[in-house]
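Colleague: So the chains spell out like this:
Protein chains: 4
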Amino acid sequence: MTSDLHWDTKITAIAPNEIRLRGYRFDELMGRVSFAEAIYLALTGELPDEKVGDLLNAILVASIDHGASPPSTLAARTAASTGAPLNAALAAGILSINRYHGGAVEGCMEAIAEVHVHIETGLNLNEAAAQVVGKARAEKRRIPGLGHRIHSDDPRTARLFELADAAGITGEGVEAIKALRDALAETGRDLPINVDGAIAGILADLGLPPELANAFFIMARVPGLIAHIHEETAEQRPMRRIHPTDHGYEGPEPRTLD
Amino acid sequence: MTSDLHWDTKITAIAPNEIRLRGYRFDELMGRVSFAEAIYLALTGELPDEKVGDLLNAILVASIDHGASPPSTLAARTAASTGAPLNAALAAGILSINRYHGGAVEGCMEAIAEVHVHIETGLNLNEAAAQVVGKARAEKRRIPGLGHRIHSDDPRTARLFELADAAGITGEGVEAIKALRDALAETGRDLPINVDGAIAGILADLGLPPELANAFFIMARVPGLIAHIHEETAEQRPMRRIHPTDHGYEGPEPRTLD
Amino acid sequence: MTSDLHWDTKITAIAPNEIRLRGYRFDELMGRVSFAEAIYLALTGELPDEKVGDLLNAILVASIDHGASPPSTLAARTAASTGAPLNAALAAGILSINRYHGGAVEGCMEAIAEVHVHIETGLNLNEAAAQVVGKARAEKRRIPGLGHRIHSDDPRTARLFELADAAGITGEGVEAIKALRDALAETGRDLPINVDGAIAGILADLGLPPELANAFFIMARVPGLIAHIHEETAEQRPMRRIHPTDHGYEGPEPRTLD
Amino acid sequence: MTSDLHWDTKITAIAPNEIRLRGYRFDELMGRVSFAEAIYLALTGELPDEKVGDLLNAILVASIDHGASPPSTLAARTAASTGAPLNAALAAGILSINRYHGGAVEGCMEAIAEVHVHIETGLNLNEAAAQVVGKARAEKRRIPGLGHRIHSDDPRTARLFELADAAGITGEGVEAIKALRDALAETGRDLPINVDGAIAGILADLGLPPELANAFFIMARVPGLIAHIHEETAEQRPMRRIHPTDHGYEGPEPRTLD
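Heads up: the protein sequence lines correspond to chains A, B, C and D, in order. Heads up: the first sequence runs through residues 0 to 257, numbered per numbering that gives the first Met the number 0. Heads up: the second sequence runs through residues 0 to 257, numbered per numbering that gives the first Met the number 0. Heads up: the third sequence runs through residues 0 to 257, numbered per numbering that gives the first Met the number 0. Heads up: the fourth sequence runs through residues 0 to 257, numbered per numbering that gives the first Met the number 0.
Since the hints were made in silico from the structure, they are not lab data. Be a bit skeptical, because a hint or two may be false.
Straight line, CA to CA, 35 Å or less: simulated DSBU-like cross-link-like pairs of lysine-lysine [claimed, not checked]: (1) B:50 - B:177; (2) A:9 - C:139; (3) A:139 - C:134.
Here are the in silico distance ranges between beta carbons for each label pair [stated by the list, open to error]: (4) A:151 - D:244: 53 to 63 Å; (5) D:68 - B:157: 27 to 37 Å; (6) C:249 - D:120: 33 to 43 Å; (7) D:138 - A:233: 19 to 29 Å; (8) A:149 - D:138: 38 to 48 Å; (9) B:257 - A:151: 18 to 28 Å; (10) A:7 - D:236: 43 to 53 Å; (11) D:138 - B:136: 28 to 38 Å; (12) D:236 - C:45: 18 to 28 Å; (13) A:1 - B:137: 20 to 30 Å; (14) C:238 - D:244: 54 to 64 Å; (15) A:256 - B:257: 37 to 47 Å; (16) C:170 - D:184: 51 to 61 Å.
Backbone N, C-alpha and C define an ideal beta-carbon position, used for all residues, glycine too.
Chain A with its partners taken away, still in its complex shape:
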């Protein structure tokens, strides 16, 4: 029965014994495409090629966790510590991902877009980047995606750029973040491209809109938050006082894949 409130979606079609995501049967996708590729399909409507699929997997792996210090982790553990069910503790964590934590990918994609606006007015890449850096410095703003509190040479950045090259998608997005780094270095601030900056450049080259940038960070971090919630519930006593910085690591020793 069609009512005056009828509406349509372009994501998933459900019929008895046949479920299709953006046109593809779920049971055909299962075992043929990775979760990361299915995520891309769900969000954009198209499957990535295999190399881009590898790159997307790497982007999601890169942001899965960053230890016990991030506020989203502390909020999720705080909720879990009061006896919150898993989904409620996860929601508390996700609600703590905002402008100042997890927002750098989106912010960096906006800076990249700004570079390209200047290029369209006739500037070359380096001039455009210098304009964006100059404006940010005049307004005493940082360029999101450059610099890291802990890592002076983030190992995730080089790996992501390698995989983007292997996928053949490195383009104006990655070039723009590199130009922004160089333009900032010219002003005497030699800051490395961090993992968020690398992801921003790559997502721009994949043609994703900035408003989905934050989505990639959140999707990647959800399993990490769940791991922390599970650990908090399983191994800590309820209502403990959770110190935000005085924590260490007592998990498996360093090891390698081979």
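Starting from the structure of chain A, add chains B, C and D where the hints point.
Modeller: Then chains B, C and D, alone, in the frame of chain A:
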């Protein structure tokens, strides 16, 4: 400085320019393991083998979305429709995944565990399953993982069992859910194993605890919820009245991978 | 022990057997001031006088509920319907209070502030209001606080203005929203001041900042959301399809206080 | 138009220019009943008498805040510190009110109900309380509502009992929590009735169901959480490390109402 509130985590170790998940360097994992495998590593502490990795990818792909009807989707769209930022709308969706929606995997894992408790007391598999079914029927409870409102023969179920066989992990978990289905059919109720029942059997065979079962459903559904939130924000007007059932599909036509 | 993370709050002091809110002992406040007055104390640091206390009570009563249609109510009921605990369903409701629902008080306070900026540049009240209305119309924006989908003459508005007069606080805030209504009527759009507009004017006259405006709406609506969650859980079956508009009222018949 | 999804609510009736809460016109309630009385009306369907209204106001004032240590406060501040909007930070706080924090009122009401079950089987009050205490001690459980980490003689408790006496509603609920305290003291554990125990006894005497007990704590604490969120946003820098115990008070000096 160590305080009297010092605590430890076993998940991630952070040192300048070296980040390790359960002992492995992130930059080594990236490009080598899929997001699904890294999720398993984050949650359990160990990497799965390659076939199990494929199976985990399939489990997560299977639950990524189920159209516009689930309450988590409607809650997320309702929040998005009022102007909620992405993370807040996602949290509203996640908070609507509970006992009656998304809880079937955990419920079914508990039924499977109950079967195994009976086996330990000396019953064989079919007798044990009959006990569990008999008790549920006496208490007028359904067996989670059996039957579906829409799908009489859920295509995702067969595919998951195929992939579990290929991974060589099919064991007492999958056998228990099949025995539960048969025991229920003996009582005259011939209900198929649904996708949640298949996942429950497989997660049991992988040795995962029931309390992480729900986590797999939530992790899988997060990208689907984000796709709906993005669509709501991009294509619908704010504050529209969202009909819970009167909606259709106008996305890509049916298509195949090859 | 004081650490380098020491911080201070100005809200509540806790000592053994002595708890003080903004300097006052809780046990002295209890029975002497109303909840609404204590809310004002908690938020602003000072107690209101008795008449203002009555007005605050009325503001909070005015927004306690608006039936089953608002998206926050539907989101809270949707979550409750899946088996969410009370706090999770409430959170889903609160996350659905944003720019397009519940944001009118804040938006109207900003319009009022805009009027006063024009007055400071030398315009009189009516000229200033005409400027603000003209700009909004040029940008095809509505003036928050004017007009209502259902109520052409909101009975809560007149009552609030009465109580504000009785409290002796009617001033530039209330005058500004009235001037905005008149300026809009001059353009041929004769819209009444709605309850949000009345509250905005009064909160402005009380000297509250716009960022607390939304807080008053949320605090008022929390009990209403809880009433709906409680009703949903107690009287409806789980996982029902919740129609957003096709609902009626079957509660107590119309009655009066005397 | 009535559809097959039609449903009804008993809370609020909306008609053009006439809004009624449980039968009473909003504009009549405003200025005549306090917010606390309207809350009671919304939740239970009836208005309390004036003395009970004073008591309800006192109950809600009593729990409005308890300083910076509670996990709900820390979670709300953590979210706010990342740039969360007010409603999202509030939701993070509310999601941290669970069994181990804020759950004592409900737990104590259940203990009180247990006492009355024993009385119905023929025991007198003291015997019944001894049974409940004995069972809890055998299972190494605490009795919720007795004892406090900080307050050996909670000043809010005596005040609440005074106001309950003044309202003439002190009955089997308050008597039961006092009997539980005495029965526990008999076993050598002399713990005071805390504010949650006092509220539990009173809510039981008002005939409220335990599942609404938690609601009273949450409704009372919402303004306190908002005060902390507002303070965090206004006075602290984003992303600061929030120490869970090393904080002090620098607000108004001790003062009295007169």
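Colleague: A separate judgement is required for each hint: does it hold in the structure or not?
Modeller: Hint by hint, here is what the structure shows:
no. : hint                      : in the structure
1   : B:50 - B:177              : holds (22 Å)
2   : A:9 - C:139               : holds (30 Å)
3   : A:139 - C:134             : holds (31 Å)
4   : A:151 - D:244: 53 to 63 Å : violated (33 Å)
5   : D:68 - B:157: 27 to 37 Å  : violated (54 Å)
6   : C:249 - D:120: 33 to 43 Å : holds (38 Å)
7   : D:138 - A:233: 19 to 29 Å : holds (22 Å)
8   : A:149 - D:138: 38 to 48 Å : holds (46 Å)
9   : B:257 - A:151: 18 to 28 Å : violated (47 Å)
10  : A:7 - D:236: 43 to 53 Å   : holds (46 Å)
11  : D:138 - B:136: 28 to 38 Å : holds (32 Å)
12  : D:236 - C:45: 18 to 28 Å  : holds (26 Å)
13  : A:1 - B:137: 20 to 30 Å   : violated (43 Å)
14  : C:238 - D:244: 54 to 64 Å : violated (43 Å)
15  : A:256 - B:257: 37 to 47 Å : violated (32 Å)
16  : C:170 - D:184: 51 to 61 Å : holds (57 Å)
The structure is inconsistent with the numbered hints 4, 5, 9, 13, 14, 15, although it conforms to all the rest.
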